[in-house]
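For the protein sequence lines, the chains are X and E, in the order given.
Under the numbering used here, think of the first position of the first sequence as 1, with each following residue one higher.
Under the numbering used here, think of the first position of the second sequence as 340, with each following residue one higher.
What the hints contain is simulated information worked out from the structure, not anything from laboratory work.
Accuracy of the hints is not assured; some may be wrong.
[Stated by the list, open to error] Derived pair list, reagent style BS3-like, types lysine-lysine, alpha-carbon separation capped at 30 Å: (1) K476/E x K185/X; (2) K304/X x K252/X; (3) K469/E x K185/X; (4) K565/E x K520/E; (5) K476/E x K416/E; (6) K476/E x K18/X; (7) K19/X x K470/E; (8) K19/X x K476/E; (9) K249/X x K304/X; (10) K565/E x K623/E; (11) K304/X x K235/X; (12) K19/X x K464/E; (13) K18/X x K185/X; (14) K351/E x K185/X; (15) K18/X x K469/E; (16) K80/X x K269/X; (17) K623/E x K600/E; (18) K550/E x K416/E; (19) K470/E x K185/X; (20) K520/E x K476/E; (21) K19/X x K469/E; (22) K470/E x K18/X; (23) K520/E x K464/E; (24) K18/X x K464/E; (25) K416/E x K464/E; (26) K514/E x K565/E.
[What the hints assert, rightly or not] Negatives, chain X to chain E, calculated, CB over 10 Å: (27) G39; (28) L93; (29) T138; (30) K249; (31) V325.
[Said to hold, decoys possible] Derived CB-CB ranges, DEER-like: (32) L192/X x R411/E: 32 to 38 Å; (33) M29/X x A465/E: 33 to 39 Å; (34) A4/X x S556/E: 42 to 48 Å; (35) A412/E x W22/X: 37 to 43 Å; (36) T138/X x A412/E: 33 to 39 Å; (37) F48/X x R411/E: 57 to 63 Å; (38) F357/E x P164/X: 44 to 50 Å; (39) G472/E x A324/X: 36 to 42 Å; (40) D505/E x L203/X: 55 to 61 Å.
The C-beta atom is built at its ideal place from N, Cα and C for all residues, glycine as well.
For reference, the chains in residue letters:
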Amino acid sequence: MRAAMTILWDSFRLLQAKKLFWIALGISMLVALFYASIGFNEQGMTLFFGWKEFENPLLRQGQPEAAAFYVLLFTDVILKFWLAWIAVALALLSTASIFPDFIAEGSIGISLSKPVGRLRLFLLKYFGGLLFVALQVTVFTVIVFLALGWRTGEWNLTVFWAVPVVTFVFSLLYAVAVWIGVWTKSTLFALLGAFLMWGVALLGQWTESFLYQAAHLVPESGIEFDYRTGEQVEKDSVEKNSAAVSFHKTAKAVVTPLPKTRDCTTYLKRLIKMKERDSLLAGVTFDMLLSGSLPDPRMAGAMKRNDERHSFWYVFGTSAIFEAVVLSLAAWVFCRRDY
Amino acid sequence: MDGPAVEIEYLKKRYGSFEALAGVSLSVPRGSVFGLLGPNGAGKSTMIKSLLTIIRPTECRGRMLGRPIGDRATLGKVGYLPEHARFAEYLTGREVIAYSAGMTGVPVRETRGRVDRLLETVGMKAWGEKKLGTYSKGMRQRIGLAQALVNEPEIVFLDEPTDGVDPEGRIDIRKMIEGMKAEGRTVFVNSHLLGEVEQVADQVAILSHGKVIRSGSVAELTGTGKHFEIRTLGPVPPALRERLESAGIQVAGDRIGVPAKDAGEVQSVIDALRAAGIVIRELKESRQSLEELFLSAVQGARQEGGQP
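I would like the entire structure built from these sequences, with the hints used as guidance.
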């Protein structure tokens, strides 16, 4: 226990010493403050603590849509772009060097000559690296939780799902960086490997999402799409294109073993529960609320099915398997190597 | 506990077809300073790293502090300063020592006191709160020594501890090694600086091409080349010189080298010189230095191995 605390404390010191950690934390605070500055009045939405006003028929003080919009702003914009993209990228840049530096000649010997097993040492060092994102997201989410309570009167503890989910997303990529870093002893290769895996995983998820829309969402919304002319026709009932369904199935099978970085953050919307939103606003997107319009029930139903097409097991289970495999490879290299 | 601190029966390490350690065996007595000597690439660091589980030996039989080599719990009683030690630049000297304390399970309540004492011992009290990035090489080595001692180890492995350290720092490190010995610790020093090892080591082993080619106490090893040197006033006359040389004594001008273990064996030579009316102006006992021993041993090993 003493050794474990020492390694984790050392990881925390390492983070403190990284400039990027403080830059990312500073930007996080600004984004969270910007979020807290959004409010609602009788006419619509206000920005910068009431300095700017935007009229909106749906987003008015006391309306459930306003509360839902506030949560959607967190899950669909801030979390999706800032936490799941920029903060994770900055974290990767900061942490990719942890293992190559740790296993460098003259450095690793001191830790390996202590009565701590190699596997334990590896795992503790790995979890120490996750602190970078876990701390950032925790601070950020606390501000969001307070802002949400202040603006909507609902103290919603489910927003804290963001901490484990975003940390998990980061851990999927960090595992790749660790594996390549331990294998090649190079920070550059570790970074390239992690970003490449991220790109491949995103490409796969985008493709699957696009094919789902073509195969299921569009026909379920009552839209017939002519792929040759690009024409759209609204109908009462539209039959699904079997070729598109088959393409989607294949794409899903191909994507299954990959880490679901995008799908994990999308799944957060389902984990962050709001009484009003879940019953009234199923299938309503952030853009719809911002423009003050609501979709017809059929499209809303199709959108809801689109949002909920993946199971928890598919999103998190297969990603966890990916992480376990990559981490096992990294641990194997770390434990078997002569230093 | 009785028995040697380290008893290697057989230690072998291969990297593909290259044999870094070719079945080494040696014994390090408890409470001694043991010097492991050898040219670059002889396998000195590989041996230490094998004992400390940093390298996985191909084959290893032996015991360290009474437990099989590789036993993880035993490593809690061991201190280690690696060659070219690299500590995290973001840590202060105090934090580096505290990290080692934590890794070896030193209780938190004891750590602060031990770190203070060690900073004082290695002469870094004034620098303890400064980041390692501001330290000189010598300062880093001092902190390295301190972290190796924080768990009050029974055996300390020092791999080239004076490498890159200035002469004053080397003297300090030598004194620290003597201090460790005085505290009853076993010190295992890897070095290619023979003069320094000779001054502190009780026992040495010379490693060449992965094999121990000589080992024993410093006195024993340097004593094998013990001789007496006589200087005369003027050259030794040819007739006497011939007689002496035929008895295995070396004569060169006014210098006579007599291989002998004690002074009694030299008396007959003195008598012969005095009988011939030769004036003796100097008589001294000479030992082979560790450096001479090292060079002859390594060259001998090279010739045996067919290398130039």
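Hinted pair K476/E and K18/X, Cα distance within 30 Å: The given pair, whose Cα atoms are some 24 Å apart, holds under the 30 Å limit.
Is K470/E within 30 Å of K185/X, Cα to Cα? 25 Å, holds
Range hint compliance [Cβ, A412/E to W22/X, 37 to 43 Å]: 40 Å, holds
30 Å limit on alpha-carbon distance, applied to hinted pair K19/X and K470/E: The given pair, whose Cα atoms are some 16 Å apart, holds under the 30 Å limit.
Would the hint linking K18/X and K464/E be met if the CA-CA limit is 30 Å? Holds. K18/X to K464/E sits at ~27 Å (cutoff 30 Å).
Need the status of pair K550/E, K416/E: alpha-carbon distance at most 30 Å? 27 Å, holds
Has the given pair, K19/X with K464/E, been kept, meaning a C-alpha gap of at most 30 Å? 29 Å, holds
Given the hint that K351/E pairs with K185/X, does the C-alpha gap stay at or below 30 Å? 26 Å, holds
Run the distance test for K469/E versus K185/X: straight-line Cα separation, threshold 30 Å. 29 Å, holds
Falls inside 33 to 39 Å, the C-beta gap from M29/X to A465/E? Between M29/X and A465/E, where Cβ atoms are some 38 Å apart, the hint holds.
Hey, K476/E versus K416/E, does the alpha-carbon distance stay inside 30 Å? 27 Å, holds
Taken at face value, is the distance from the CA of K235/X to the CA of K304/X at most 30 Å? 20 Å, holds
Figure legend: structure checked against the earlier numbered hints; every hint is met.
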